[in-house]
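Trainee: Chains S and X, in that order, are what the protein sequence lines are.
Position one of the first sequence corresponds to residue 1 (this note's numbering), numbered consecutively onward.
Position one of the second sequence corresponds to residue 1001 (this note's numbering), numbered consecutively onward.
The set of hints was computed from the structure by calculation and includes no laboratory data.
Glycine is no exception: its CB is placed at the ideal position from the N, C-alpha and C atoms.
You may find that some hints are simply not true.
What the hints assert, rightly or not - Derived coverage of chain S by chain X (criterion: at least 3 residues anywhere in the stretch with Cβ under 8 Å from a Cβ of chain X; other residues may be distant):
hint : stretch
1    : 8-21
2    : 33-45
3    : 152-164
Stated by the list, open to error - Chain S is faced by these chain X residues, among others (derived, beta-carbon under 10 Å):
hint : residue
4    : S1016
5    : G1073
6    : E1101
7    : G1108
8    : A1201
Stated by the list, open to error - Quick list of in silico lysine-lysine cross-link-like pairs, PhoX-like style, CA-CA up to 25 Å:
hint : chain 1 : residue 1 : chain 2 : residue 2
9    : S       : K120      : S       : K150
10   : S       : K37       : S       : K50
11   : S       : K105      : X       : K1190
12   : S       : K50       : X       : K1013
13   : X       : K1024     : S       : K58
14   : X       : K1024     : X       : K1014
15   : S       : K120      : X       : K1208
16   : S       : K50       : X       : K1170
17   : X       : K1145     : X       : K1122
18   : S       : K37       : S       : K22
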Amino acid sequence: MILIVNTTADKSVSEALREELKNSAVEAEIVEASEMKISHCIGCNYCWLKTPGECSIKDDYEVILKKMIHAKQLWVISDTALGFLDHKGKNIFDRILPVAMMYLKFVGDQMRHVARYKDKFDIGLIYKGDPDVDYLKRWNERATLNFESKSLGVFSASEIKEAVSCMH
Amino acid sequence: MHALIINGSPRVKKFSNTDKILDKFEAGMAEKGATFTRCEVSDRKQWDDMRKAFGENKNILIAIPLYVENIPGLLIEFLETLTPKNDGTEIAFILQGGFAEGVQLRCGEAYLKILTEKLGCKYAGTLVKGDNFGIRFMDEKTVQKITGAYTDMGREYAECGNFFSEKCAKFTGPEIFPVHVRLLVGIIFKTLAKSGFKKAAKDWGCTKPLNYRPYK
Ligand SMILES: Cc1cc2nc3c(=O)[nH]c(=O)nc-3n(C[C@H](O)[C@H](O)[C@H](O)COP(=O)(O)O)c2cc1C
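Work the whole structure out from these sequences, hints included.
Mentor: As structure tokens, this is what we get:
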């Protein structure tokens, strides 16, 4: 299953994705997160040390988290601000922490946290606005290292066809 | 020199590692006669004052814990509300994280240059250092020891107004650990660190194993 989380209020991106996905055999679920209540991560570390795997913030993010761990791919649609994802897009990533554990290991020459779940999801970004695209690509490559997965690429909302060609 | 200092951590002041780092850093600044005003992004009640102070100050220092290779979502939310300046204001950063190697912070550091430009300010460098996750769990004496090194960096900032010196670059420590250190630390991760984490969890009232999977 492919999980697509739209953090923007613009449903036309989801619509365009739905339209494009009609012609493929991909099973995808689109979550409209702009209508959900999703807080920022408060860094409490409860998801590692008090209630392992569970976030202490009881809001709508739990719905996304539960789907995420069964997904093969996660796509985040985000508005951008200050050259990067806006806060709503970034919060989706900050709140992912429960999929990792407190335990540490080396992967190659760098430290990483051990994954909580066996199955991993690769991550793609679809952005609106005018970010520093090269940086966003670098960041997604780097961020996915933490989830033992890989970047599926970074696409503007006008490149839906290209993004969908990476969904399989 | 007077600086506006923003703690960019979403953690409440009492538990924030950045807060403890800043205590030491500011002590160094004060020794050199510099003054500062500190505010915390975790406290939304301060945001109006922080916006005003951002407009008024020419030397700004933002201290940031790395959150998934970049700045925390809450800090982005605050920064989104600022009006870019274009008046020669300089922003310097303290970037700190949990992982120990310098290389872990470079992607976040690269963004801080982009951010500064977007805010219409001049980049005054970033003081980069990892291995700070444990501060929250340490006793007072160990915290003093770990964060103490930031006092000298506070002196440096008060004198230079930036983090461009060789001394600041060296402060980061190794970019990656040599193989023999990785082997040793890898063993520690599987033994001492593991039992340390289990003990911390027990102290916090955790009743489940740390590898518990609630959603499977
Ligand atoms: C959601 C989240 C994401 C984090 N991501 C990283 C990371 O990518 N790299 C890193 O070295 N540390 C990471 N950390 C660890 C923090 O940067 C570190 O514990 C820091 O000292 C916290 O400072 P604070 O207590 O002031 O918030 C992360 C912590 C949290 C809560």
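Trainee: Each of the hints needs a verdict: does it hold here or not?
Mentor: Status of each hint after checking the structure:
1. 8-21: violated (count 0)
2. 33-45: Check passed, 6 qualifying residues.
3. 152-164: Coverage by chain X is violated for the stretch 152-164 of chain S (0 residues, Cβ < 8 Å).
4. S1016: holds (8 Å)
5. G1073: Holds. Min distance 4 Å.
6. E1101: Holds - the Cβ of E1101(X) comes within 10 Å of chain S, reaching about 6 Å at its closest.
7. G1108: holds (9 Å)
8. A1201: holds (5 Å)
9. K120(S) <-> K150(S): Answer holds: K120(S) to K150(S) is near 9 Å, not above 25 Å.
10. K37(S) <-> K50(S): holds (23 Å)
11. K105(S) <-> K1190(X): Given that 25 Å is the threshold and the Cα spacing comes to 8 Å, the pair holds.
12. K50(S) <-> K1013(X): holds (20 Å)
13. K1024(X) <-> K58(S): Violated: K1024(X) and K58(S) sit about 35 Å apart, past 25 Å.
14. K1024(X) <-> K1014(X): With Cα atoms ~15 Å apart, K1024(X) and K1014(X) stay inside 25 Å; holds.
15. K120(S) <-> K1208(X): Given pair K120(S), K1208(X) holds - Cα atoms ~23 Å apart, limit 25 Å.
16. K50(S) <-> K1170(X): violated (36 Å)
17. K1145(X) <-> K1122(X): Distance ~33 Å between K1145(X) and K1122(X) Cα, so the pair is violated.
18. K37(S) <-> K22(S): violated (29 Å)
Hint violations for this structure: numbers 1, 3, 13, 16, 17 and 18, all remaining hints satisfied.
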